[in-house]
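> Please model the complete structure; the sequences and the hints are all you need to start from.
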Amino acid sequence: MKRGVGLGKVKVVVHGLGFIALNHHLPSLKRMDDVEVSGVVSRNIEHAKKVARDYGARPYSSLEEAIEKEKPDIVVICTETFRHKGDALTSIEHGVNIFLEKPITLRLKDADDIINTAKKKGVKLMVGHVLRFWPEYVATKDMVDKGEIGNPVVARAYRYVSFPPWSFKRWHKDLEKSGGVFVDLSIHDVDFLRWVLGEVEEVFARGATVYEDTTAPVYMHALLKFKNGAIAYVDGSWLIPPTHPFYTYLEIAGTRGLLVVDNLTTAGLRVYLKDEVRCWTPVPRDGYYLELRSFINSVKKDLEPAITGEEARKSLEVTLAALKSFKENRPVKLPLEEEVI
Amino acid sequence: MGKLKFAILSFAHIHAWSYASVLKDLEKENEVEFVAVYDDDPERLKKAAEAYGVKQYSDYIRLLEVEKPDAVIVTSENAKHISQVLVACEKGIHVLCEKPIATTLKDADEMIRAVEKSGVKFQTAFVMRYHEVTVETKRIIDEGSIGEIVAITSTNHGKYPGLWFGDPDLAGGGAIMDHTVHNADLMRWYTKDEAKEVYAIYKKNIRDYLKVEDNALITIRFKKGVVASIDCSWSRPDSWPIWGDVYLGIFGTEGYIVVDAFRSFIILAPDKGAMTSRYFGTNPDYEMIKDFIRVIKEDDTPRATVYDGRQALEIALAAYKSLEKKAPVELPL
Numbered sequence: 001m002k003r004g005v006g007l008g009k010v011k012v013v014v015h016g017l018g019f020i021a022l023n024h025h026l027p028s029l030k031r032m033d034d035v036e037v038s039g040v041v042s043r044n045i046e047h048a049k050k051v052a053r054d055y056g057a058r059p060y061s062s063l064e065e066a067i068e069k070e071k072p073d074i075v076v077i078c079t080e081t082f083r084h085k086g087d088a089l090t091s092i093e094h095g096v097n098i099f100l101e102k103p104i105t106l107r108l109k110d111a112d113d114i115i116n117t118a119k120k121k122g123v124k125l126m127v128g129h130v131l132r133f134w135p136e137y138v139a140t141k142d143m144v145d146k147g148e149i150g151n152p153v154v155a156r157a158y159r160y161v162s163f164p165p166w167s168f169k170r171w172h173k174d175l176e177k178s179g180g181v182f183v184d185l186s187i188h189d190v191d192f193l194r195w196v197l198g199e200v201e202e203v204f205a206r207g208a209t210v211y212e213d214t215t216a217p218v219y220m221h222a223l224l225k226f227k228n229g230a231i232a233y234v235d236g237s238w239l240i241p242p243t244h245p246f247y248t249y250l251e252i253a254g255t256r257g258l259l260v261v262d263n264l265t266t267a268g269l270r271v272y273l274k275d276e277v278r279c280w281t282p283v284p285r286d287g288y289y290l291e292l293r294s295f296i297n298s299v300k301k302d303l304e305p306a307i308t309g310e311e312a313r314k315s316l317e318v319t320l321a322a323l324k325s326f327k328e329n330r331p332v333k334l335p336l337e338e339e340v341i
Numbered sequence: 001m002g003k004l005k006f007a008i009l010s011f012a013h014i015h016a017w018s019y020a021s022v023l024k025d026l027e028k029e030n031e032v033e034f035v036a037v038y039d040d041d042p043e044r045l046k047k048a049a050e051a052y053g054v055k056q057y058s059d060y061i062r063l064l065e066v067e068k069p070d071a072v073i074v075t076s077e078n079a080k081h082i083s084q085v086l087v088a089c090e091k092g093i094h095v096l097c098e099k100p101i102a103t104t105l106k107d108a109d110e111m112i113r114a115v116e117k118s119g120v121k122f123q124t125a126f127v128m129r130y131h132e133v134t135v136e137t138k139r140i141i142d143e144g145s146i147g148e149i150v151a152i153t154s155t156n157h158g159k160y161p162g163l164w165f166g167d168p169d170l171a172g173g174g175a176i177m178d179h180t181v182h183n184a185d186l187m188r189w190y191t192k193d194e195a196k197e198v199y200a201i202y203k204k205n206i207r208d209y210l211k212v213e214d215n216a217l218i219t220i221r222f223k224k225g226v227v228a229s230i231d232c233s234w235s236r237p238d239s240w241p242i243w244g245d246v247y248l249g250i251f252g253t254e255g256y257i258v259v260d261a262f263r264s265f266i267i268l269a270p271d272k273g274a275m276t277s278r279y280f281g282t283n284p285d286y287e288m289i290k291d292f293i294r295v296i297k298e299d300d301t302p303r304a305t306v307y308d309g310r311q312a313l314e315i316a317l318a319a320y321k322s323l324e325k326k327a328p329v330e331l332p333l
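As given, the protein sequences belong to chains A and B, one line each in that order. Using my numbering, the letters of the first sequence map in sequence onto residues 1 to 341. Using my numbering, the letters of the second sequence map in sequence onto residues 1 to 333.
Just so you know, the hints here were simulated from the structure itself, not pulled from any lab data. Remember, predicted model here, so these are calculated numbers, not experimental data. Errors might be hidden in some of the hints.
Listed next, the stretches of chain B that the computed footprint assigns to chain A, with coverage defined by at least 3 CB atoms under 8 Å from CB atoms of chain A [claimed, not checked]:
(1) 218-225
(2) 325-332
What follows is a set of in silico ranges between Cβ atoms, one per label pair, in the way DEER data are often shown [said to hold, decoys possible]:
(3) K3/B <-> V277/A: 50 to 58 Å
(4) Y279/B <-> R31/A: 43 to 51 Å
(5) K196/B <-> K227/A: 48 to 56 Å
(6) K227/A <-> D208/B: 13 to 21 Å
(7) T276/B <-> K301/A: 29 to 37 Å
(8) L269/A <-> R139/B: 31 to 39 Å
(9) E143/B <-> E176/A: 35 to 43 Å
(10) I267/B <-> G95/A: 55 to 63 Å
(11) K227/A <-> I267/B: 31 to 39 Å
(12) P241/B <-> L269/A: 22 to 30 Å
(13) D208/B <-> V283/A: 36 to 44 Å
(14) I267/B <-> S62/A: 55 to 63 Å
Pulled a few chain B residues facing chain A out of the computed Cβ check, cut under 7 Å [claimed, not checked]:
(15) K203
(16) I206
(17) S233
(18) F251
(19) Y256
Ideal Cβ positions, reconstructed from N, Cα and C, are used throughout, including at glycine.
So this is what it looks like as structure tokens:
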């Protein structure tokens, strides 16, 4: 039962040392004066040892052991989606606040378990729907909220990333483990659109699995109807070749205007390497930094986290509805009555 | 065969002005003789006749009988195509017809029968089959560089065109009727396949004073499995510096193509007021009309036939039917 942390440093354990932890969460935490990354956990202890050396933390191969020894205030969970439920419940049962990567889980019941157990145990939970802290998306939300485009009517959002083969081979191509491109990737845009436009009432989606050994859709688009009368098109792809940089696009047309933003034409920086092109707009505090900062503040000051488990569950539900529509080839109304994965 | 005699039937569709300019250019190249224009709007008729220095007719049947053109360009309001096309076919006159070729499948099928019976060349003005960007895309796809096509995401955004485009009786609908067929045709051309199922959503207008829909989102499944989408919305405000776009993201098993056919423009920011732009890409109207002339002279099959016009129309009509049924609609209708 942790309520407010007081004046000392916030102790954090990072669990799951893959792409997002190594490239974003650990470097962000390192920059915070009031945070101590005391433990890092990976099932591969050699990997944990290497990362631990870089961050002056202690390595663990078991989350439970890390929690028992470190007694952290917060666990940052960046494991594969299918492990979220177990990892989250382990942390919650030990009374530790959790920052959980998106998607919250792959099943609504699992999300409910996490949310309800966290409430019961009085621990804070926030899910990493990072667009709510991402500069162009924050600005977009502000413009829409201020009425600069009038009432939103029709929106489009794309999110394309070429998949690192190592990760794809491990778990993303398995529907039961990742949920596929819409649940894993497009959930960002779904969550953002929900943040701006409100709740979704109906979803229709099409997609493709493409590869013989793949059960997860690697391409999917969905048509969303919102309760407020807006509609949206959301497009997610893991099918672009590695020569293409990570790409996001967003436009919202309203009764008084149109706003358009994409990460390539607005990039402040473009870097061309031999096998990779990166385009982005560096800011002193990026979305990954800000979302963790926000959560840490809510733990320190005993405030409600900016992105609750309930919010994350609703975004998950929309992406699962898309998956259901893809499977059954019909429009799917929300709320969902049963699990999809 | 010498110079072909051309007439333009109606300047209701804004593309007529561009086609007329192309005919004037081709006159200089000794390819055609642009002889006359018809329009049922006296003011527009006078304006067009004076602009191009050609004879004017307020009766198209009389124009066809007196001028005996070899070919006509039909650029009347969508719902009026049928009567002009049928008379032209009857008189053995070749037709280049603006898209959508009709507003109903019944009309489109009647046009197909008339074309087949008369043996005239009928080309649907699917100008996007003549844009250098889309033509090059066709070549890249056909040579197999991106493997098999998996998905196509597309937009044909525009401003609200005004005029009769907001009149459901003349246009046959709104943004769906106006802005679905070009992309649907490109998808058919690239996949060499037909649409099997269409689903569409629409809830409310951007411009609440319009009688027709000004936005919609459409998704299509093709017979061999390609999934595709079209955003046909007139979602560009009047202040937008370009007219709109024809954009396709084509995901293949081995590669990815981005077609942004009208992206090639220079922005001009005046000292006051809205920004405008100058397009510097290819003019597909010229290539399309030139190829129509070649098809007539060489007795060839048009790149986009009356049947192609019908098939693209069917996809737009299926989108309307899907809105009505709130469910996916199987093709053929």
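> Now tell me if each hint is right for this structure.
Here is how each hint holds up against the structure:
1. 218-225: Answer holds; 3 residues pass the 8 Å Cβ test.
2. 325-332: holds (count 3)
3. K3/B <-> V277/A: 50 to 58 Å: 52 Å, holds
4. Y279/B <-> R31/A: 43 to 51 Å: 47 Å, holds
5. K196/B <-> K227/A: 48 to 56 Å: For K196/B and K227/A the Cβ distance comes to about 31 Å; the hint is violated.
6. K227/A <-> D208/B: 13 to 21 Å: Holds - the Cβ-Cβ distance for K227/A and D208/B, about 19 Å, lies within 13 to 21 Å.
7. T276/B <-> K301/A: 29 to 37 Å: 52 Å, violated
8. L269/A <-> R139/B: 31 to 39 Å: Because 34 Å falls inside the window, the suggested range holds.
9. E143/B <-> E176/A: 35 to 43 Å: The hinted range 35 to 43 Å holds for E143/B and E176/A, with Cβ atoms some 38 Å apart.
10. I267/B <-> G95/A: 55 to 63 Å: Taking Cβ atoms as reference, I267/B and G95/A lie about 58 Å apart, which means the hint holds.
11. K227/A <-> I267/B: 31 to 39 Å: With a Cβ separation near 38 Å, K227/A and I267/B satisfy 31 to 39 Å, so the hint holds.
12. P241/B <-> L269/A: 22 to 30 Å: For L269/A against P241/B, whose Cβ atoms are near 25 Å apart, the range 22 to 30 Å holds.
13. D208/B <-> V283/A: 36 to 44 Å: 38 Å, holds
14. I267/B <-> S62/A: 55 to 63 Å: 58 Å, holds
15. K203: With Cβ-Cβ at 5 Å, under 7 Å, it holds.
16. I206: 5 Å, holds
17. S233: 5 Å, holds
18. F251: 4 Å, holds
19. Y256: 5 Å, holds
Figure legend: structure checked against the earlier numbered hints; hints not met, in rising order: 5 and 7.
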